[in-house]
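Quick note: the sequence shown uses our numbering, first residue 25, plus one each step.
Be aware that a few hints might be false.
Listed next, with one range per pair, are the computed distances between beta-carbon atoms [stated by the list, open to error]:
{"no.": "1", "residue 1": "Leu-85", "residue 2": "Leu-120", "range": "26 to 34 Å"}
{"no.": "2", "residue 1": "Leu-109", "residue 2": "Ser-32", "range": "27 to 35 Å"}
{"no.": "3", "residue 1": "Gln-56", "residue 2": "Arg-111", "range": "45 to 53 Å"}
These are calculated hints, taken from the structure and not from any lab test.
Just so it is clear, CB atoms sit at the ideal spot from N, CA and C, and this is done for glycine as well.
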Amino acid sequence: LRAAFAKSLDAPPETAVAAAVTSLQRSGALDQNELLTPLGRHLANLPVDICIGRLMLFGSLLHCAEPILLIAAALADKSPFLAPLSRREEARAAQLCFNTAQSDHLAVVEAYYQWQEAKRKHGVHGGHRFC
25 LRAAFAKSLD APPETAVAAA VTSLQRSGAL DQNELLTPLG RHLANLPVDI
75 CIGRLMLFGS LLHCAEPILL IAAALADKSP FLAPLSRREE ARAAQLCFNT
125 AQSDHLAVVE AYYQWQEAKR KHGVHGGHRF C
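With the hints as extra help, turn the sequences into a complete structure.
This is the structure:
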């Protein structure tokens with residue numbers, strides 16, 4: 025790994041490479057010899073941040089892929105509960121309606137399920153009104 029970085033046109037500083045290697049080892053993507061682990065090989069194929077990739081893989085292994093993928097998508101983008109400063113309290117109140125499990129991540133999942141239900145009952149326009 026370090027040799028590959030050293031050959032690049034604009035090699036990163038050694039301290040940055042060492043920090044990256046340590047982070048990948050802590051994540052289980054690299055072993056002590058700086059070789060990819062089986063988890064690392066799977067993560068290397070995912071076009072997402074390593075933390076989100078781990079979340080997705082473990083969600084799949086634990087047979088809860090759908091809610092985990094919703095959470096991963098929410099983590100990879102801005103929160104659906106963000107609002108302009110003038111409407112921040114309104115957005116927070118809306119989030120609290122979905123926050124039945126005291127978890128911002130599960131609030132996103134609940135909002136998605138309720139949005140799907142609104143679309144199922146009232147069509148596309150029901151989905152728009154829900155938002």
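Structure-based check of all given hints:
1. Leu-85 - Leu-120: 26 to 34 Å: Roughly 32 Å apart at Cβ, these two residues keep to the hinted range, so it holds.
2. Leu-109 - Ser-32: 27 to 35 Å: violated, 43 Å
3. Gln-56 - Arg-111: 45 to 53 Å: holds, 51 Å
In summary, the one numbered hint that this structure violates is 2.
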